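With the hints as constraints, model all of the structure from the sequences given.
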Amino acid sequence: HFDLIISDVMMPKMDGFELSRYVRRDGKSQPILIITAKSEIEDMQTGFKSGADDYMSKPINLKELVLRVHALLRRAKIANEKRLLIGGSELDYDTLSVRTEGEQISLAPKEFRLLFLLLSYAGRIFTRFEIMSEIWGYETDSDERVVDTHIKKLRAKFENSKDFEIITVRGLGYKAVKKERA
Numbered sequence: 068h069f070d071l072i073i074s075d076v077m078m079p080k081m082d083g084f085e086l087s088r089y090v091r092r093d094g095k096s097q098p099i100l101i102i103t104a105k106s107e108i109e110d111m112q113t114g115f116k117s118g119a120d121d122y123m124s125k126p127i128n129l130k131e132l133v134l135r136v137h138a139l140l141r142r143a144k145i146a147n148e149k150r151l152l153i154g155g156s157e158l159d160y161d162t163l164s165v166r167t168e169g170e171q172i173s174l175a176p177k178e179f180r181l182l183f184l185l186l187s188y189a190g191r192i193f194t195r196f197e198i199m200s201e202i203w204g205y206e207t208d209s210d211e212r213v214v215d216t217h218i219k220k221l222r223a224k225f226e227n228s229k230d231f232e233i234i235t236v237r238g239l240g241y242k243a244v245k246k247e248r249a
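Residue numbers (my numbering): 68 to 249.
Quick caveat, the hints were computed from the structure, so don't treat them as lab data.
Some hints here could point you the wrong way.
Unchecked claim - Taking lysine-lysine pairs in the DSSO-like style, the calculated list, with each CA pair at most 27 Å apart, reads: (1) LYS130 x LYS105; (2) LYS229 x LYS242; (3) LYS177 x LYS125; (4) LYS224 x LYS149; (5) LYS245 x LYS149; (6) LYS149 x LYS80; (7) LYS177 x LYS220; (8) LYS130 x LYS242; (9) LYS177 x LYS116; (10) LYS105 x LYS177; (11) LYS80 x LYS177; (12) LYS242 x LYS149; (13) LYS105 x LYS149.
What the hints assert, rightly or not - Here are the in silico distance ranges between beta carbons for each label pair: (14) TYR89 x LYS144: 20 to 26 Å; (15) LYS219 x VAL133: 29 to 35 Å; (16) ALA175 x ILE234: 19 to 25 Å; (17) ILE192 x ASN227: 22 to 28 Å; (18) LEU140 x ARG212: 24 to 30 Å; (19) GLN97 x PHE196: 22 to 28 Å; (20) ILE108 x ILE192: 21 to 27 Å; (21) ASP75 x LYS177: 27 to 33 Å; (22) SER124 x ASN227: 45 to 51 Å; (23) GLY155 x LYS105: 46 to 52 Å.
It should be emphasised that the depicted structure is a prediction, and the values quoted were computed from it without experimental measurement.
We put the CB at the ideal spot given by N, CA and C, even for glycine.
Given below as structure tokens:
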């Protein structure tokens with residue numbers, strides 16, 4: 068069992084794109100990071116279309132590689148933990164649904180993924196950059212303030228939650244905190 072696959076495009080018997088297609092065709096969901104000297108957008112598209120989750124061009128910055136690996140492993144862990152129970156609230160990753168006290172709460176996919184991320188690591192502070200990379204991906208053109216908008220929407224939808232609240236940690240980011248039930 069592998070937690071993560073890091074592959075170069077140029078390999079002797081099978082290139083990294085073929086490897087990605089093979090892994091996905093076999094039904095495996097491990098994150099795949101492709102490393103290559105090819106930095107053209109067409110090559111990146113081929114990589115992502117073949118099943119890769121992330122793509123880096125050489126020369127590789129080791130600190131960036133480590134950050135990307137950690138982000139891919141975090142996403143994989145969250146995706147594997149399909150259901151979260153927090154008090155009377157249940158989040159189901161397969162259906163992107165939230166039930167609180169038996170009531171279905173409608174969320175947009177990114178709102179759901181953001182809430183699932185925060186509640187999966189309740190008490191941990193996430194910076195906007197971390198949230199952006201987890202939910203929107205590294206290659207996004209979105210402004211970091213889009214995180215603030217999604218947090219505001221989540222707070223409005225869960226303002227009466229007896230199970231958790233989303234807190235701003237001034238100058239750092241956001242975290243979800245579980246509430247004690249009486």
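For each hint, the structure was consulted:
Note on LYS130 and LYS105: the hinted pairing holds, with a Cα-Cα distance of about 20 Å set against a maximum of 27 Å. Among the hinted pairs, LYS229 with LYS242 is consistent with the structure: their alpha-carbon atoms are about 16 Å apart, no more than 27 Å. In summary, the hint linking LYS177 to LYS125 is not supported, as the alpha carbons are separated by about 31 Å, beyond the 27 Å threshold. Using a Cα cut-off of 27 Å, the hinted pair LYS224 and LYS149 holds, with the two alpha carbons roughly 22 Å apart.
Restraint check for LYS245 and LYS149: the C-alpha separation of about 19 Å stays at or below 27 Å, so the hint holds. Between LYS149 and LYS80, the direct Cα distance comes to roughly 36 Å. Violation of the 27 Å bound is thereby established for this hinted pair. A C-alpha spacing of about 11 Å is found between LYS177 and LYS220, which places the hinted pair at or below 27 Å, so the restraint holds. Taking the CA atoms of LYS130 and LYS242, the gap is near 25 Å; set against the 27 Å cutoff, the hint holds.
Proposed proximity of LYS177 and LYS116 is supported: the alpha carbons are some 21 Å apart, at most 27 Å. A hinted pair counts as satisfied when its Cα atoms are at most 27 Å apart, and LYS105 with LYS177 does not qualify at roughly 30 Å. For the hint pairing LYS80 with LYS177, the CA-to-CA distance comes to about 39 Å; that exceeds 27 Å, so the pair is violated. Between LYS242 and LYS149 the alpha-carbon distance is near 20 Å, which keeps this suggested pair within the 27 Å criterion.
Taken as a hint, the LYS105 and LYS149 pair is broken in the structure, with Cα atoms around 35 Å apart against an allowance of 27 Å. The hint said 20 to 26 Å for the Cβ distance between TYR89 and LYS144, and at roughly 24 Å that hint holds. A hinted range of 29 to 35 Å holds for the C-beta pair LYS219 and VAL133, which are about 32 Å apart. Checking the proposed 19 to 25 Å range against ALA175 and ILE234 shows it holds: the Cβ atoms sit about 21 Å from each other.
Hint check: ILE192 to ASN227, Cβ distance near 24 Å, so the stated range 22 to 28 Å holds. Between LEU140 and ARG212 the beta carbon distance is about 27 Å. The supplied range of 24 to 30 Å therefore holds. Between GLN97 and PHE196 the beta carbon distance is about 25 Å. The supplied range of 22 to 28 Å therefore holds. Distance hint for ILE108 and ILE192: a CB-CB separation of about 35 Å, inconsistent with the stated range 21 to 27 Å.
Between ASP75 and LYS177 the C-beta distance comes to about 32 Å, which sits within the given range of 27 to 33 Å. For the pair SER124 and ASN227, the beta carbons lie near 47 Å from each other, so the given range of 45 to 51 Å is met. The hinted window of 46 to 52 Å between GLY155 and LYS105 holds, with their beta carbons roughly 50 Å apart.
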